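Q: Take a look at the letters that make up each chain.
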Amino acid sequence: MNTHNSINITLKIWRQKGPDQPGRLETIVVNDVDTHNSFIEMLDHLNNQLILEGREPIEFDNDCREGICGTCGAVVNGVPHGPGKKMTLCQLHMREFNDGDTIFVEPFRARAFKVIKDLMIDRTPLEKIIQAGGYISAKTGGAPEANSIPIAQETAEEAMDAAACIGCGACVASCPNASAMLFVSGKVSQLALLPQGQPEAKKRVLSMLKQMDSCGFGNCSNHRACENACPKGISISHIARFNREFIKASIFGKSENIR
Amino acid sequence: MQRLENNIPDGPLAEKWDRHKMEIKLISPANRRHFNIIVVGSGLAGASASATLGELGYNVKTFCIQDSPRRAHSIAAQGGINASKNYANDGDSIWRLFYDTVKGGDFRSREANVYRLAQISSNIIDQCVAQGVPFARDYGGLLENRSFGGAQVSRTFYARGQTGQQLLLGAYGALSRQIAAGNVTMYPRREMLDLIVKDNRACGITARNLLSGNMETYVADAVILATGGYSNVFFLSTSALSCNVSAIWQAYKKGAYFANPCYTQIHPTSLPLLSKRQMKMTLMSESLRNDGRVWVPKNPDEKRAPNDIPEQDRDYYLEEKYPSFGNLVPRDVASRNAKFQCDNGKGVGPTGRAVYLDFKEALNRDGKEVIRRKYGNLFDMYTNIVAQSPYETPMMIYPSAHYAMGGLWVDYNLMSTIPGLFVLGEANFSDHGANRLGASALMQGLADGYFIVPYTLAGYLGKNGSAQIKNDDPVCRESMNAVQQRIEKLISVNGKRTVDDIHRQLGKIMEDHVGLARTETGLKSAISRIRELRGEFWSNVKVPATTDSYCLNLQKAGRLADYLELGELMALDALNRGESCGAHLREESESKEGEALRDDENFCHVSAWEYTGDETAPSLHKEPLVFENILLSQRSYK
Chain A
1 MNTHNSINIT LKIWRQKGPD QPGRLETIVV NDVDTHNSFI EMLDHLNNQL ILEGREPIEF
61 DNDCREGICG TCGAVVNGVP HGPGKKMTLC QLHMREFNDG DTIFVEPFRA RAFKVIKDLM
121 IDRTPLEKII QAGGYISAKT GGAPEANSIP IAQETAEEAM DAAACIGCGA CVASCPNASA
181 MLFVSGKVSQ LALLPQGQPE AKKRVLSMLK QMDSCGFGNC SNHRACENAC PKGISISHIA
241 RFNREFIKAS IFGKSENIR
Chain B
1 MQRLENNIPD GPLAEKWDRH KMEIKLISPA NRRHFNIIVV GSGLAGASAS ATLGELGYNV
61 KTFCIQDSPR RAHSIAAQGG INASKNYAND GDSIWRLFYD TVKGGDFRSR EANVYRLAQI
121 SSNIIDQCVA QGVPFARDYG GLLENRSFGG AQVSRTFYAR GQTGQQLLLG AYGALSRQIA
181 AGNVTMYPRR EMLDLIVKDN RACGITARNL LSGNMETYVA DAVILATGGY SNVFFLSTSA
241 LSCNVSAIWQ AYKKGAYFAN PCYTQIHPTS LPLLSKRQMK MTLMSESLRN DGRVWVPKNP
301 DEKRAPNDIP EQDRDYYLEE KYPSFGNLVP RDVASRNAKF QCDNGKGVGP TGRAVYLDFK
361 EALNRDGKEV IRRKYGNLFD MYTNIVAQSP YETPMMIYPS AHYAMGGLWV DYNLMSTIPG
421 LFVLGEANFS DHGANRLGAS ALMQGLADGY FIVPYTLAGY LGKNGSAQIK NDDPVCRESM
481 NAVQQRIEKL ISVNGKRTVD DIHRQLGKIM EDHVGLARTE TGLKSAISRI RELRGEFWSN
541 VKVPATTDSY CLNLQKAGRL ADYLELGELM ALDALNRGES CGAHLREESE SKEGEALRDD
601 ENFCHVSAWE YTGDETAPSL HKEPLVFENI LLSQRSYK
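Protein sequences appear in the order of chains A and B. Number 142 in the numbering used here belongs to position 142 of the first sequence; there are no gaps in the numbering. Number 426 in the numbering used here belongs to position 426 of the second sequence; there are no gaps in the numbering.
Bound-form chain B, shown alone (with noise of 0.2 Å):
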């Protein structure tokens, strides 16, 4: 058994990084060509990481499932990235940044790690805004910033509602830059299906060509992975259709940890479901809270029109319950006041299952033009999927799956338990602890991306030299053919059900039991109906058996078949963590305000998974939490 070494350097927080930076090796300009390096993903974290490696000198292979690398699900993020830049002086410092995030996370991230991001937050601002990208700027010229849930000063950098796809496309330039010059070699429309490993080292990945359904195996002396998150083990999720968790549930099988899998969040503002054929939540951005009002009517039996019902029959019961924070509290906390309004049955809508987001004030006050700019393509969107117009009537909303805290363990130099074998961004578990803040996620990935890893990459290479492996060695070849008997087995099942069938099934389970609220009966009924599930879907999937072209629902079936493993280990991880914390809500442990009531005397540490074959349970390391610079307190938003 291995021991968690997280490798968080000595002296004080502020030190830390600027220190590791001089301790660790080089790799200097000339030798760089000589080592091969491998990114599967092209997102923020993806394609900042091969931009970035590339224009250094080293040789960089860089695949993505989609026909693009600008089409990575980064873009889809709309309401911004925050930095300490403190333009708004309004107090704003890297300590604040650095205890916003880790009391935002719920005290269950590593001090260090997130120290280092709120160190990095303000170089990613300039590098982006060298790049072009066109963010919001002041009637001076000077950069714009909102403020975000979770927070009490203004520090996000915004493009519009489109912030994630100006960042992804700027790293995107960066990216074709590298191509243009031969520095990268982009692999389009691969899906990686397996990761190589010799004599404990990650060298390699099996990828399957989507086009011509062709098996390929690329070596490399170190691998990483920016292959983002998994809420749609939910099926409904606000993920795009494509994200999955495949590529680092394939390295966890060959050894890498897996953290904290319990914690997803469930995003407050997403639309609510209208279809019960709907394949996909449509997320607003938490943005819209700035000058968006929640509230439900105060009566259940409520029947008329929102414009119609009058402030006194209607309950604003964030700003009544926070008043400090009102709109703007963390995700977790307004994701859960929202079930509980529809709970008890003031939930609105078709399905009764929404709350209002009420923009009539800031209408008043600001104006349509005003308002316009802000959130227009907003507005637009909930238009054309809801057709209401939000200038008119209050939008509703819902909780929906959005985005995974979870994900492989990794140490300080954002490397995993497999040596060689790097995470970066929404796949890897660092920084957001239980709960991410909002315009968090772009940080952290372009931080791991841009400023992280060419270090800590570096530090390695340094140390372990290259892998000396060829394409011809037999773990690439047994590696290829247990890719490819896998993918007979799924076809040669030729059951009744389709697998967006038995996924729907799978996401109504966790859903119930593994979401916004949890309990221990819950958790052990959604182990076992997990298992029969997968039993069922091993015994009952119908998948074309169409190998050598396209084939968008083999893909699928594959990454269900994922997803059945991952559900139960986040049950398991769920039912293992007997406390709250952040976005799992654990009931048998609420404070008397129905707040989530942490237990750091046994919880105070990260959970990482051991996979220890497919029959057997998988093995629990604890690494324990130590916080040296901030005080463990209950979170409170009032």
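One chain only, chain A, in its complex shape (with noise of 0.2 Å):
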């Protein structure tokens, strides 16, 4: 790790204007970096620099900075969010480089996310994922008393683990296949180990991987890249509950869309 405070680094950063236009790799050198900064706030002084030269600023996606809103992302050096583990972009300081560094920046790629423009992608194909069917159906008001269905408490913490996704996007961008099956199997996983999410089970699981089919997701082949990058440490077990989760919905279930 860095001990100074102060580094200069060179960022190869991709610059595109809009989806349908060209990018290109642009080299801009960064001088008097603060390592206690963020590798956002480090983009966020270059910018200023950049709009007070009239030159355009670098445009990136980011909100919380707190690695929970999961709006941040982009590949550094290779690797979605950089090289902390378990981290977002956001999360990611300076200190983790080094004076003279070259820093390579592109957005998450996947066939499935098209370049908006810069470091942002669209990620609305995730969204889809979701409606079509990542959800319990609960009408407001009809609940029944909240302690009437124990759960064990170990199946409540699995159910937790799968739903600390933030839907940035990074396990897409790390699968060689560009699968989104860490995300969507989170989801399953999350209301399968639930008795709440019991009733809709098998139309889920069909009806969301027929979402991510069409989406243009790949599919899994076991590379286990996504659990690598998931900033939250979600683990391919839930990828493992989604195939039981298929194969008895293939085999009991029918595949109609669920409302």
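Hint data in this document are derived by calculation from the structure and do not stem from the laboratory. Wrong hints could be hidden among the right ones.
[Claimed, not checked] Straight-line distance between alpha carbons at most 30 Å, and here's what the computed DSBU-like set of lysine-lysine pairs gives:
1) A/Lys85 with B/Lys276
2) A/Lys139 with B/Lys21
3) A/Lys17 with B/Lys556
4) B/Lys298 with A/Lys139
5) B/Lys368 with A/Lys86
6) A/Lys17 with B/Lys496
7) B/Lys276 with B/Lys298
8) B/Lys368 with A/Lys85
9) B/Lys85 with A/Lys139
10) B/Lys276 with A/Lys12
11) A/Lys139 with B/Lys303
12) B/Lys276 with A/Lys86
13) B/Lys556 with A/Lys114
14) B/Lys298 with A/Lys12
15) A/Lys139 with B/Lys463
16) A/Lys86 with B/Lys360
17) B/Lys463 with B/Lys254
[Unchecked claim] Simulated DEER-style distance windows between Cβ atoms:
18) B/Trp538 with A/Arg224: 49 to 57 Å
19) A/Arg111 with B/Leu142: 42 to 50 Å
20) A/Asn147 with B/Trp95: 55 to 63 Å
Because the structure is a prediction, the values reported are computed rather than measured. All C-beta atoms in this analysis are idealised placements derived from N, C-alpha and C, irrespective of residue type, glycine included.
Both chains are given apart, each in its own frame, so use the hints to dock them into the complex.
A: Encoded structure:
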């Protein structure tokens, strides 16, 4: 880890004006980077310099800067969200880099994710997958008393592990098949573990999978790159549970879409 | 001038809401599809309202600024959500939750609203469990609770340190279901820049498509704003970068009164500032104060590492000063005391603006595994940012702007002074008075969206019918032109300072004079300095001239323009309120022990400000606060 407070770096950063325009890596030298800053604060600092020089700032999505909203993300030196383990880009700090480093920064790439501008991508396909059944149909007001169905602590904890997904898309970007399987399985697994999720379990898994396929995501071939890239450390054991749910549903269920 | 009619129903406190629901009008299922509703914001309040209204059969259009409704800042709430279930069998009840919330808010909220909130709180937990929210559970499989600041009972439900995320994903699931069913149309990456008002009725919005830069108008029979809080006026706050005041500020300028703008919560447990270029503060959940002990070295010249400082040289000042609540005093009290210690030179860390939050005792008592299960993600987050492990060495924390108790004034129906404009969640002023208790924001957002507005909106529509407005109405065109001109004006300044640079300067003024402690001189100087800075902004800001594709800096410039007006109103309101209450501490009004000293004789009211023009002072309307069920008392957590 770097111990200096200020370093100079060279960025090779992706610039693209719009979805249908060609993009390229631009070389930008950034001097006097405060190592207490996050990677994203470094980009803010750079953008303010670009604006004052009358150049176009680099557009990148970000919001909460606490690693929970799932908005930010870029491939840094070939790794989604960069070299930090189990963290989003906004939590990566410049102290992870050394003076004189050259850093490659690109958007998350996948057939299903179009580049909008610079590092921004369109993750609408993930929305579509959730809309296809990533929920429990519980009408407002009709719920039974919360403690009427006990759920074993370890089951609740496992459901929480699966539910921790922030929907950033790093799993897709890291997968050689650009599969969204970790994303889909997180939701399927969470709801399959809970008694409340049982009535729709079969329809859910089939419908979400169908939607994933039609959005242009690839299939899972057990590379495990997703698990490694996931900032929340979601395990591929949820993909295993997804597969079991899929087999159960294929044999015993119907494949109509759920409402 | 309009009289402030809060429309609180008659009758005993416990029967008001039920009685009101019986009295207000309904819309029959077959007629609901004829009504168009706009919801702006997709956090807990906006998503729960959209989902519920869609499910009821209304035609809903929902707008959010992010690429997905799941990214709203409710997602970052960590600690929990309160409900008066009394599962812990420790004496909780609707009445106690109501009382704690009114007292925590330093007796500056409406009894009727808060009581309704406490009544609804239990339904929220039922609803969320039914949606599959994985709340923490005990070994028997029943729901677990923990305690939070300002309460002596354990009534907080939680999902590790990610409660807001799980509740929002529950509401987002419900919303997604309605989107798929065609009942809700979702408009992401849209920023509301104007409210359309015709014949004294809110009937639409003008929004900018952030991807194409195009202006779009949408009309409806009612507009619901659930656009969150404006703590980013302080520049450094715990809010997400896109949180802003612009939607409610435009509504204010169209006639909605702005209530209690001076009440801002400064959260005691955020991470301290590590770099002068830092863009935001990171919050650590208040739940940490359950097991963490707050202390500073007794000696201001202390040089030893925290673990080397023996017990007798530590000052556990909260436990000392407030023996019955200890480390769990309300947020305003904890924040002020931290500032006091740092002002007296006892602060720690690289800047001397931090206090320790120490888990050593809890780790020794419960073991690392138990602590990890409770706070694991928070500890990881701290380690990522500060590069120190709270398992090994005490955390450093410092107060930071966090939550806006103020917001648009609403009546008991959550309707603003513009008929047809409803305001939910943090964007309104109701329920939290002068200080919000921990784990109450999630409760309020979901209460407003799931259980209150679906009733009161029907009451309004049943009485007033359709707005009968079309997209080609002249008011829509006027609104669109006005918004377009403002953007062109921003770009045309073409000066020498960036938006961030000017915003940081505004934040410093706010922090110094409209923050944890306020004085008459300080507030007056803040007002004149904000005015000057506003002049500087409109003559020297530099904004990229990108209007045909995504340009974050242009969005930020528009928001800062509004903050530069809001900041002045906050200072004016603080100046006007010559008492201390909750988060608003006027140094002229302190008790002998240095606590906030209220002046119920002169200030037991809501201050609601009416916009009268850019060049004229806003006019103040007072809604008296009447306490029929609770005896007003000086707050004490000793």
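Q: Between A/Asn147 and B/Trp95, does the beta-carbon spacing fit 55 to 63 Å?
A: Hint violated: Cβ distance 21 Å, outside 55 to 63 Å.
Q: Under the criterion that the straight-line Cα-Cα distance not exceed 30 Å, is the pair B/Lys556, A/Lys114 satisfied?
A: holds (25 Å)
Q: Keeping to a limit of 30 Å between CA atoms, is the pair of A/Lys86 and B/Lys360 held or broken?
A: Given that 30 Å is the threshold and the Cα spacing comes to 25 Å, the pair holds.
Q: Is B/Lys298 within 30 Å of A/Lys12, Cα to Cα?
A: The given pair, whose Cα atoms are some 50 Å apart, is violated under the 30 Å limit.
Q: Just to be careful, I want the Cα atoms of B/Lys368 and A/Lys86 compared with a cutoff of 30 Å; is the pair within it?
A: holds (20 Å)
Q: Does B/Lys463 pair with B/Lys254 here, judged by a C-alpha cut-off of 30 Å?
A: Cα-Cα ~23 Å, so holds.
Q: Within a Cα-Cα threshold of 30 Å, do A/Lys17 and B/Lys496 meet the stated pairing?
A: holds (25 Å)
Q: Can you tell me whether the CB distance of B/Trp538 to A/Arg224 sits inside 49 to 57 Å?
A: Given a distance of about 55 Å, which is inside 49 to 57 Å, the answer is holds.
Q: Would the hint linking A/Lys139 and B/Lys463 be met if the CA-CA limit is 30 Å?
A: Distance of about 26 Å is within 30 Å: holds.
Q: Holds or violated: the 42 to 50 Å window for the beta-carbon distance between A/Arg111 and B/Leu142?
A: holds (46 Å)
Q: Compare the distance between the alpha carbons of B/Lys276 and B/Lys298 with 30 Å, and conclude whether the hinted pair is satisfied.
A: holds (28 Å)
Q: Given the hint that B/Lys298 pairs with A/Lys139, does the C-alpha gap stay at or below 30 Å?
A: Violated - the C-alpha atoms of A/Lys139 and B/Lys298 are around 56 Å apart, more than 30 Å.
Violation of the numbered hints given earlier is confined to hints 4, 11, 14 and 20; the remaining hints are satisfied by the structure.
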